[in-house]
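First to last, the protein sequences are chains W and E.
The letter at position 78 of the first sequence is residue 92 when you use the working numbering, and the numbering goes up by one with no holes.
The letter at position 221 of the second sequence is residue 225 when you use the working numbering, and the numbering goes up by one with no holes.
Everything labelled a hint here was simulated from the structure, so no lab data went into it.
Some clues are possibly wrong.
[Claimed, not checked] Calculated lysine to aspartate or glutamate pairs in the EDC-like style (CA-CA distance at most 16 Å, straight line):
1. Lys-173(E) x Asp-202(E)
2. Lys-173(E) x Glu-81(W)
3. Lys-230(E) x Asp-189(E)
4. Lys-173(E) x Asp-198(E)
5. Lys-266(E) x Asp-252(E)
6. Lys-173(E) x Asp-71(W)
[Unchecked claim] So these bits of chain E aren't anywhere near chain W, every CB distance computed over 10 Å:
7. Asp-221
8. His-250
9. Thr-257
[To be verified] Below, a sample of chain E positions facing chain W; criterion: calculated Cβ distance under 8 Å:
10. Met-182
11. Gly-184
12. Arg-290
13. Arg-291
C-beta: ideal position from N, C-alpha, C; glycine also.
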Amino acid sequence: MRITQGTFSFLPDLTDDEITKQIQYALENSWPCSVEFTDDPHPRNTYWEMWGLPMFDLTDAAGVLAEVNACRKAKPEHYIRVNAYNASYGKQTVALSFIVQRPSDEPGFRLERQEWHDRTIRYTSHPYAADAPHGRRYNGQQ
Amino acid sequence: MTANRPSRNSQEPGSESPARIGFGMSPPGRDPSGSGTSESGASDEAPDEERTLPPDALVDLAKERAETGIDEVFSSLDADLVGLAPVKNRIREIAALLLVDRARAQFGLSTSRPNLHMCFTGSPGTGKTTVAMRMADMLHRLGYLRRGHLVSVTRDDLVGQYVGHTAPKTREVLKRAMGGLLFIDEAYYLYREDNERDYGQESIEILLQVMEGQREDLVVILAGYKDRMDSFFVSNPGMSSRIAHHIDFPDYTLQELEDIGKLMVREEGYGFTPEAQETFREYLKRRKSQPRFANARSVRNAIERARLRHASRLMETDRPVGKTELTTLAPEDLLGSRVFADQDSSPAS
Numbered sequence: 015m016r017i018t019q020g021t022f023s024f025l026p027d028l029t030d031d032e033i034t035k036q037i038q039y040a041l042e043n044s045w046p047c048s049v050e051f052t053d054d055p056h057p058r059n060t061y062w063e064m065w066g067l068p069m070f071d072l073t074d075a076a077g078v079l080a081e082v083n084a085c086r087k088a089k090p091e092h093y094i095r096v097n098a099y100n101a102s103y104g105k106q107t108v109a110l111s112f113i114v115q116r117p118s119d120e121p122g123f124r125l126e127r128q129e130w131h132d133r134t135i136r137y138t139s140h141p142y143a144a145d146a147p148h149g150r151r152y153n154g155q156q
Numbered sequence: 005m006t007a008n009r010p011s012r013n014s015q016e017p018g019s020e021s022p023a024r025i026g027f028g029m030s031p032p033g034r035d036p037s038g039s040g041t042s043e044s045g046a047s048d049e050a051p052d053e054e055r056t057l058p059p060d061a062l063v064d065l066a067k068e069r070a071e072t073g074i075d076e077v078f079s080s081l082d083a084d085l086v087g088l089a090p091v092k093n094r095i096r097e098i099a100a101l102l103l104v105d106r107a108r109a110q111f112g113l114s115t116s117r118p119n120l121h122m123c124f125t126g127s128p129g130t131g132k133t134t135v136a137m138r139m140a141d142m143l144h145r146l147g148y149l150r151r152g153h154l155v156s157v158t159r160d161d162l163v164g165q166y167v168g169h170t171a172p173k174t175r176e177v178l179k180r181a182m183g184g185l186l187f188i189d190e191a192y193y194l195y196r197e198d199n200e201r202d203y204g205q206e207s208i209e210i211l212l213q214v215m216e217g218q219r220e221d222l223v224v225i226l227a228g229y230k231d232r233m234d235s236f237f238v239s240n241p242g243m244s245s246r247i248a249h250h251i252d253f254p255d256y257t258l259q260e261l262e263d264i265g266k267l268m269v270r271e272e273g274y275g276f277t278p279e280a281q282e283t284f285r286e287y288l289k290r291r292k293s294q295p296r297f298a299n300a301r302s303v304r305n306a307i308e309r310a311r312l313r314h315a316s317r318l319m320e321t322d323r324p325v326g327k328t329e330l331t332t333l334a335p336e337d338l339l340g341s342r343v344f345a346d347q348d349s350s351p352a353s
């Protein structure tokens with residue numbers, strides 16, 4: 015099951031050229047970019063691990079793309095996303111966030127039912143990948 | 005698994021884009037989503053193929069030249085920078101090569117991207133930084149730098165203070181310079197031969213790696229004094245061979261210094277009286293023979309001090325002053341200098 019979170023996630027995966035253009039768009043709006051990765055793609059997992067510090071004062075997308083590629087090399091079977099942060103007063107939030115790499119195989123989520131009092135059923139979604147410990151999910155690769 | 009990803013990415017634009025157009029998305033350009041960019045990317049490529057000229061076509065280089073607006077850079081180079089004939093010649097040669105490469109590309113001739121890393125050597129105040137700024141502008145106009153900004157750094161910005169600090173610091177500077185020009189002032193400080201465990205070496209290695217691997221992303225200019233840069237290259241032969249253009253900035257002649265002074269005075273909105281001009285020449289002649297003479301920088305400092313003396317001279321007069329007095333530097337403003345004091349006193353004593 016394809017994980018859809020962040021911008022462009024319903025589109026086919028972006029190519030490097032397209033990623034470069036999106037990063038350039040963010041930089042031209044003076045939104046600093048950062049790269050993050052995770053192997054726990056639960057939709058409520060908002061805090062992914064940071065790949066290095068956010069990159070400030072960049073003018074060209076090549077710098078961010080170099081970090082994306084470095085992260086891809088180190089974490090070939092992780093989800094990787096690029097965040098662009100709008101620091102202007104009144105916004106101060108992530109302005110653009112999109113996935114730039116996903117594992118080759120995404121097993122998806124199962125629905126878990128929990129019986130509660132008065133025959134209530136509580137539902138939760140559980141990623142199959144999360145059954146394995148951190149770092150050994152997605153084909154057992156780092 | 006790594007092999008899987010690029011192949012999947014590469015087959016997508018071809019296989020997916022017709023489907024996207026079929027869905028009737030909003031026109032490209034206004035659409036901020038990925039589909040808009042991919043379509044505009046495709047439309048960028050199509051004219052490129054059309055533009056490939058037949059083998060018997062002719063290219064008007066003068067017109068190409070005019071289109072890039074490179075002449076503006078040259079004329080401002082000539083107007084603002086006095087002397088430096090060898091430097092200007094070399095810049096013209098580089099520009100010509102880049103223009104010819106562009107013309108060749110129009111015929112579909114593959115040209116490897118020229119190595120544009122440079123080394124500027126010369127005495128202090130010979131205009132290395134100024135030329136680097138012009139160079140960034142010129143390379144941007146010729147399309148060899150995507151953004152054309154200048155990032156000026158020294159050893160402090162590249163080399164860290166403790167183990168493991170240097171690499172991220174250098175990489176951060178390189179990322180900031182991507183798409184533009186990285187100017188490393190006093191580059192010989194990066195390497196300290198007396199301390200083999202100095203972190204500068206680590207910084208040099210990362211620089212070399214990027215200079216070789218990401219030539220299309222940035223141009224590196226090293227600057228420094230001639231003799232110290234020479235010994236820097238002796239101890240770092242890899243650096244020397246990766247730099248294609250070693251440009252030496254000659255010292256200014258007396259006449260050139262005078263012209264620079266006049267230019268600076270005019271920029272500040274002042275003027276010399278004819279006698280002051282004579283005094284200024286005499287000042288330069290004496291200052292030039294003294295130690296720690298820093299060419300144009302010394303000229304600038306001399307003019308700054310002359311302005312100070314000019315201001316205090318005006319404050320001492322009781323009568324009201326007009327525009328002429330406010331804008332004219334007289335000989336006594338220059339004669340108050342230590343340069344004249346030393347020389348006048350030494351023969352007397």
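Evaluated hints:
no., hint, in the structure
1, Lys-173(E) x Asp-202(E), "15 Å, holds"
2, Lys-173(E) x Glu-81(W), "14 Å, holds"
3, Lys-230(E) x Asp-189(E), "13 Å, holds"
4, Lys-173(E) x Asp-198(E), "23 Å, violated"
5, Lys-266(E) x Asp-252(E), "25 Å, violated"
6, Lys-173(E) x Asp-71(W), "13 Å, holds"
7, Asp-221, "4 Å, violated"
8, His-250, "26 Å, holds"
9, Thr-257, "39 Å, holds"
10, Met-182, "4 Å, holds"
11, Gly-184, "6 Å, holds"
12, Arg-290, "45 Å, violated"
13, Arg-291, "39 Å, violated"
Violated hints for the displayed structure, listed by number in ascending order: 4, 5, 7, 12, 13.
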